[in-house]
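Guided by the hints, dock chain B onto chain A, whose structure is given.
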Amino acid sequence: MRGEFFINGRREVFDFDSKKTLLRVLRENGYTEVRNGCETGECGACVVLLEGIPVNSCQVLAASVVGKKITTIKGLNDGKENGELHPVERAFVDAGAVQCGFCTPGKVLVSYALLKKNPDPTREEILTALDGNLCRCTGYTHTVESVKLAARYLKGYSEEGRDE
Amino acid sequence: MSNSRYDCIGESVEKIDAASLVSARDRFTDDFELKDPLYGVFLYSDIPHGEIEEIDASEAKEVPGVRLILDYRNTPSTLFTTAGQGFPEPSPYDSRLFDRRVRFVGDRVALVAAETEDAARLAVRKIRVKYREFPAVFDYERAMDPDTPRLHTDDEHPAIPVAYLPDKNIAAQLDIGFGDVEKGFKEADFIVDNTYRVHYGSHCAMEPHSALCYFDSRGRFVIVSTTQVPFHVRRIVSRVLEIPLGKIRVIKPRIGGGFGGKQEILLEPYVALISLRTGRSAKITLSRKEVFVSGRTRHPMRVRMKMGVKRDGTITALFMDALMNNGAYGSHGLTVLSNTGSKVLPLFNKIENVRFSGKTVYTNLPVGGAYRGYGATQGYFAFNQQLDIISRKLGVDMPEYCKKWHIKAGETSGIFKALGEGKEGVSQIIKSCRLSECIDVGVEKIGWKDRRGKHLKTKDGWAVGVGMSISMQGSGIPLIDMASAYMKMNEDGSFNLFSGATEIGQGSDTVLSQIAAETLKVPVDKIIILSSDTDVTPFDTGAYASSTTYVSGTAVLRCAENMKREIIEVASLMLGIGKDQLSLEGGSVVSRDGKSVTYSDICNYAMYEANQRQIQAYASAVMPESPPPFIAQFAEVAVDPETGRVKPLKFVSVVDCGNVLNPKLAKGQIDGAVVNGISYALTEEYIFDSHGRMVNSSFGNYKIFTAPDIPEIETLFVDSYEETGPYGAKSVGEIGINGPAPAIANAIFDAVGVRMYETPFTPERVYKKIVEVGGNSEGSEGGGE
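For the protein sequence lines, the chains are A and B, in the order given.
Take the first sequence: its letter number 15 is residue 15 in the numbering used here, and every next letter is one higher.
Each position in the second sequence, counted from 1, maps to that position plus 1000 in the numbering used here.
Careful, some of the hints might be misleading.
Stated by the list, open to error - Keeping only pairs whose Cα atoms sit at most 16 Å apart, straight-line, the calculated EDC-like set for lysine to aspartate or glutamate is:
#, chain 1, residue 1, chain 2, residue 2
1, B, 1664, A, 51
2, B, 1647, B, 1460
3, A, 20, B, 1118
4, B, 1350, B, 1180
5, B, 1488, B, 1601
6, A, 74, B, 1180
7, B, 1703, A, 131
Derived from the structure by calculation, the hints contain no laboratory data.
So that you can see chain A by itself, here it is in the shape it has in the complex (with noise of 0.2 Å):
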C-alpha cells in the first residue's frame, strides 16, 4: 500500500506492505536510527515519538498511523548532522550515561516526551517512564541524574517551532 507519513516535519510517502510495522517501514527507508532489539515491544531501542507520544515503533502497523507525526531521535535536532546536541542528549551524554549508545536514542526520547509532559519529574516517576528501556551497558547508574539534568538544560531552552 502507499501512505504519507511526517517524520521529522518533512511529508514521506511510501510503498509498504500492508503488515509491515512502523519499525521496518522506517528502517526499510533510510530511518535506521530507530533501532531493532527485539521486535516484540520489550526492549524499548525502537522508541519514536508518534503524535509526541513515546511508542515501541515494532508494535504499531505503519498501516495504522498513516497521516501522523513521527519524531524520530534525528527529529530533535532538525536532522542538522553537524555535531550539536539537543538539551536531553546533551543531558546523557554529560550524565555518563552513554556506553554502546544502541538503547540511547529510545531512552533521550522517552525523556524528552516525559520532561515535555512534565518538567520536573520525581525520582519514581523518572523510573516508571524509563521502565521499559532495556540497557546492558550502565546499570541504569544514571538513568535519574541524566533526565534531572535534562530538565535543568531544558529551562530556558526555546522549542518553539518544533514540530512532532
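Only chain B this time, still in chain A's reference frame:
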C-alpha cells in the same frame, strides 16, 4: 598516586563517540545500506539430537526471490571452532558450517538467501527435513555416564595438543595442583566441602548479532560485523571458505555491546559464502530469539569446593572440582574451565596444598561461550560462599579473614605458573594490590558493623542481611595477546591513531586516545582514532580477556613514545639544539633555554623543507604478565520470609584497577557488570522443556533488570598504580560481575539463615530453603565434618 601530574589521564574525558551515538549519527552493522543485498535466514533444528535423513527444499526454491539455499550437502565441511580466539585456538575444532548431524534445538540446518528477508523467512518455513532422532543428554552431570549418548566423534579434534575425549562427551579436561591435598585435609581441624551450581545466562547486548558482506571495486570481500575480534574473523573466514586472507577486509563499525557474546564467529562465514556463491552482497541479522537460543551463553557449572581449615584460620588444603556444561559445541570449553581455577585460586595464595580438576562436557543444549567474567564468575560463586561459611565457623569477621589471607603485593601464587590458557601459565609477582583497603572502604560504605548478623527487619517485616565477596581477574593473556598501533602526524599538529583494538561500547577509543594525548602533550581532540579495520589498522587480538586498556593501551603508549622521539628529532634539527635538551609541552617542542617550535611547524618542515618525510610511528605489545585487578563487593538485601522474594537494597563495589585512566568510563564498566550480575543472580534463567527447547527466549520471559529494579549502587576506586601498565592502569572490564551472586547469597544467609548453593535465587528456591530450615534463624550450613 596522584593524578595531578597528568593532563588528561585520570580525567573523565567525554567518550569521543558519545555525541554521535546519542544522536544516532553513527552506524551499527545493520544500519549499513547495501545495494540490492540478499538476506540470509537460518533454518534451525527443532530436535535436540539426530541425523538429517532428507532435506526437501523444492517448495522453498519456488518462493519468489529465493536465490540460494545452503545446507551440509553443498557447503565446505571444514572443521573449525566458532570461538574467536588467537591461533591456534584452544577450543576444539568440532563445528562445521552445516553438519548432517544436529546436536541441539537451535542448531543450524540450512540457510536461505533471498531478495527480501520476508521471502527468505517464508522459504525457511517451506523446507522439509526428515531426521533420524537419537537419544539426547540434557543433564550435564550425567553427560559422562556410560549409557548417555555421545555428541561428537573422533573426526573432531583440538587444534592444540590437549585432552579431547569425545567418546566420553568430554570437550576439555584439566588436573593441576601442588603439595599434597590429602595430607593437608588430615592436618585440618575441620573440612568445609560443598557443591555449588551456576546456570545459563545470555549476554543480552542490546544489539543483536549482524553481519554483511559486499565486494569492493577490486572484487575483494568486505565484511562488516558486530564482532569483538575482527582479525580472528578474517583468519577464520579465510580458512573455512578457502578465500585468501588478503582478499578479505573486516570492518567493525559501532558495536551495541558485546560482553563476550560477540567474540564468536557466528555469521561472518555465512554472509561471505552467500557472496562467494552469488556474486552479490549479503546480510544476516539475528532476531532476539535467535541470539538467546543459537548465540552463545554463560557456561553452566557445578563447582565442588573442599577446604581443610585449622582453628587459627589456616587453610591446609583446597580441592576444587569443576564440571562445565558447554552445550552442543566446545566453544571456549578449555579456557573458561581453566579460568575457574586460574582466576580464583591465586587470591588465597598461602594454601600449600592445592588441586584443581575440571571437565567440560557436551550436552544437547545451547552452546556456552565467552561471557564477561569467563569462568571466574562461576568459581567465585563457590569460593566466596566457602569463605563466608569458614569465617562463620571460626567465629571471625569475614572482611578481616579475607584481609589476612588474600594475596599481597610482592607475593606470588603457584597457580600462575601451573595454569594458563589450556597450558602452563606464566609466573608473576603481584606488583599492586590494594584489596585490603577496598575491603575496609566497602565495610564502611555498606554499614557492615551495624548490619552484619543484626537480624534487622524492614518496616514490612522482611529480613535484612549483608554479605560480601572478593575477587580478582587478569589484564589480558600474558605472552599470548598481542596488540599494535600506528600513528602519523598531520600539518596542524593533530595525529591519526590507528589501533587494532576493538571499541564495543566500553570506551576503548576514548581511553586509547587519552593515552596518546597524554604522551604527546596535546588535548584529546588532537588524536583522531580509527580502530579495527583489517585493511587499515595493525593487528590486535581483540576485545576480550580484559586486555584492551592494559595490552592495547601499552601498544598505543609505546607508539606515542616512538612518535615523541620522531618529533624531537625533527625539532632538534630545526632548532639546532641537542635532543636531550628538548621536551614536549602544549603541542610544541621546547628547549631548556626557552626556545620552542610548534608541532604544526615541525610537521610542515618535515613534509616540505628538509629531510622530507611523514612523521610516523608504530609499536606492538605483548605483555609478560597479567596483573590482576582486585575488587571487594558488598550486598545488602531484604528477604520476604513469607514468599522467598529477595530485594537487593544496596550494592557497593570498591575496586583496585590500578590508576584509573577515565573515572566515568571505569565506573560505567563496574556499574554495568554489577547490575548484570545482580540480575543474573536473581531473575535471569534459561528454562528448557523436556526436549531441551528453551521456552523463554524473549525479554518478556527472560527477565533482565530495568531502571526501577536496581538497588542503590555505589562504586568506588582506591588509589593504586600498576607499574607495568600504561599510566599505571590494570583492567576493569570483567571483574565487576564476579561479586553479585556470592555477595547476595551470603547476604541471604545473613538475613534468613539459608545457604543458596544454586543460582538464580528465585522466590521459589529461597522459599523452599526457608521452609527446610524451618525458621531457625541461625540457619544450617552444609559441609561440616
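Practice item. Find the hints from earlier in the document that the structure breaks and name them by number, from lowest to highest. Key: 1 and 6
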